[in-house]
Amino acid sequence: MDIFFQIRNDCSELTTIHAVLAKLKKRWNLTRRIISEMNLILDELVSNIIEHGNCDREIEITIRLIKKDNSITIILTDTGPPFDPTITPIPDISLPLEERTCGGLGIHLVRKFSNSCSYKRTGKKNILTLKKLLPEENR
Amino acid sequence: METEISRMDNATIFDLKGRLDSRTAPQFEKQVQDFLHSPDCHLVLNFNELDYISSAGLRIILNTAKAYKSSPYCFVTCCMQDHVQEVFEISGFDSFITIYQNLDDSLEQLRASS
Numbered sequence: 001m002d003i004f005f006q007i008r009n010d011c012s013e014l015t016t017i018h019a020v021l022a023k024l025k026k027r028w029n030l031t032r033r034i035i036s037e038m039n040l041i042l043d044e045l046v047s048n049i050i051e052h053g054n055c056d057r058e059i060e061i062t063i064r065l066i067k068k069d070n071s072i073t074i075i076l077t078d079t080g081p082p083f084d085p086t087i088t089p090i091p092d093i094s095l096p097l098e099e100r101t102c103g104g105l106g107i108h109l110v111r112k113f114s115n116s117c118s119y120k121r122t123g124k125k126n127i128l129t130l131k132k133l134l135p136e137e138n139r
Numbered sequence: 001m002e003t004e005i006s007r008m009d010n011a012t013i014f015d016l017k018g019r020l021d022s023r024t025a026p027q028f029e030k031q032v033q034d035f036l037h038s039p040d041c042h043l044v045l046n047f048n049e050l051d052y053i054s055s056a057g058l059r060i061i062l063n064t065a066k067a068y069k070s071s072p073y074c075f076v077t078c079c080m081q082d083h084v085q086e087v088f089e090i091s092g093f094d095s096f097i098t099i100y101q102n103l104d105d106s107l108e109q110l111r112a113s114s
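So the sequence lines, in the order shown, correspond to chains A and B.
Going by the UniProt record's numbering, the letters in the first sequence line up with residues 1 to 139, in that order.
Going by the UniProt record's numbering, the letters in the second sequence line up with residues 1 to 114, in that order.
Just so you know, the hints here were simulated from the structure itself, not pulled from any lab data.
For each residue, glycine too, the CB sits at the ideal point set by N, CA and C.
Heads up, some of the hints might be wrong.
[Stated by the list, open to error] A few chain A residues that face chain B, going by a derived Cβ cut-off under 10 angstroms, partial list only: (1) Asn-29; (2) Thr-86; (3) Ile-87; (4) Pro-91; (5) Leu-97; (6) Cys-102; (7) Ile-127.
[As the list claims (entries may be wrong)] Simulated restraints on C-beta separations: (8) B:Met-8 to A:Lys-120: 26 to 36 angstroms; (9) B:Ile-5 to A:Glu-136: 54 to 64 angstroms; (10) B:Thr-3 to A:Thr-16: 30 to 40 angstroms; (11) A:Lys-23 to B:His-37: 14 to 24 angstroms; (12) A:Asp-92 to B:His-37: 23 to 33 angstroms; (13) A:Gly-123 to B:Ser-6: 31 to 41 angstroms; (14) B:Arg-111 to A:Leu-97: 37 to 47 angstroms; (15) B:Gln-27 to A:Ser-94: 23 to 33 angstroms; (16) A:Tyr-119 to B:Asp-9: 49 to 59 angstroms; (17) A:Leu-95 to B:Asn-48: 38 to 48 angstroms; (18) B:Arg-111 to A:Leu-95: 26 to 36 angstroms; (19) B:Gln-33 to A:Pro-82: 32 to 42 angstroms.
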């Protein structure tokens, strides 16, 4: 089972992601928790693309989701500037409030909610592949 | 996201409803900003009807906690749904932000602390 959709580098598209996942919940028989975690992964990654890309230039973002046996694979492709989220520094979440900043927190959440993540740059495209293992009730 | 702001005893209460992500964060940040310059009472964020939070929302929560840390008043949160609380915990925010089970508990504690 797989689906494929395309969005622009605009914050309003976060609503599109949410709507697609809401439909998928029923179709693929997933729990609210899994949908919520997938939403967070896509939200953080797409928000990064929007933030790091040049706002004046339209960036094509495509999302492919594949459900197979006990896992979901997310393939996110964009035509923005090169950006490898797999090598960004890990934020120190044990720091006291005064020293905490929000840098890297989005990517930290993506790593926590996915089981593997790989990046490659092909031509003018960033291609990020993530895998999320499904707990039994979602299989 | 919808926000309802009310005042009870010595605290301002924000009831948050919907989704706090990078699309809705700017509006929420604007609303909360007025309370951060020079806090004159406690602040409670009631997450009861907040279905979703991303790092864009966490950034505002962090700034709020920092602003209140240097004031004589408290900033607390309550009624988090499980997956929202999990995002707080994974981010380590639960180490410096108080999370109450319900609104009454948070108001009671704030009454006791002032």
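Hint check:
Interface hint status for Asn-29 (chain A): violated, as the beta-carbon distance to the closest one in chain B is roughly 19 angstroms, over 10 angstroms. Taken as an interface hint, Thr-86 (chain A) does not check out: its beta carbon lies about 17 angstroms from the nearest beta carbon of chain B, beyond 10 angstroms. Hint status for Ile-87 (chain A) relative to chain B: violated, with the closest Cβ pair at about 18 angstroms, above 10 angstroms. Nearest Cβ of chain B to the Cβ of Pro-91 (chain A): about 8 angstroms, under the 10 angstroms cut. The hint holds.
Nearest Cβ of chain B to the Cβ of Leu-97 (chain A): about 4 angstroms, under the 10 angstroms cut. The hint holds. For the restraint placing Cys-102 (chain A) at the interface with chain B, the shortest Cβ-Cβ distance is roughly 4 angstroms, inside the 10 angstroms limit, so the hint holds. A least Cβ separation of about 22 angstroms between Ile-127 (chain A) and chain B goes past the 10 angstroms threshold, and the interface hint is therefore violated. A hinted range of 26 to 36 angstroms for the beta carbons of Met-8 (chain B) and Lys-120 (chain A) is inconsistent with their spacing of about 54 angstroms.
For Ile-5 (chain B) and Glu-136 (chain A), the hinted distance range of 54 to 64 angstroms is not satisfied, since their beta carbons lie about 43 angstroms from each other. The hinted range of 30 to 40 angstroms is not satisfied by Thr-3 (chain B) and Thr-16 (chain A), whose Cβ atoms lie roughly 23 angstroms apart. Distance hint check: the CB atoms of Lys-23 (chain A) and His-37 (chain B) are about 43 angstroms apart, inconsistent with the given range 14 to 24 angstroms. Range check, Asp-92 (chain A) to His-37 (chain B): about 29 angstroms between beta-carbon atoms, so the 23 to 33 angstroms window is met.
At roughly 54 angstroms, the beta carbons of Gly-123 (chain A) and Ser-6 (chain B) sit outside the given window of 31 to 41 angstroms. Hint check: Arg-111 (chain B) to Leu-97 (chain A), Cβ distance near 24 angstroms, so the stated range 37 to 47 angstroms is violated. Gln-27 (chain B) and Ser-94 (chain A) have their C-beta atoms about 32 angstroms apart, which keeps the hinted 23 to 33 angstroms range intact. Checked against the given bound of 49 to 59 angstroms, the beta carbons of Tyr-119 (chain A) and Asp-9 (chain B), roughly 51 angstroms apart, stay inside it.
Against the hinted window of 38 to 48 angstroms, the Cβ-Cβ separation of Leu-95 (chain A) and Asn-48 (chain B) comes to about 29 angstroms, which falls outside the hint. Range check, Arg-111 (chain B) to Leu-95 (chain A): Cβ separation about 31 angstroms, and the 26 to 36 angstroms hint holds. The beta-carbon spacing between Gln-33 (chain B) and Pro-82 (chain A), approximately 35 angstroms, falls within the hinted interval of 32 to 42 angstroms.
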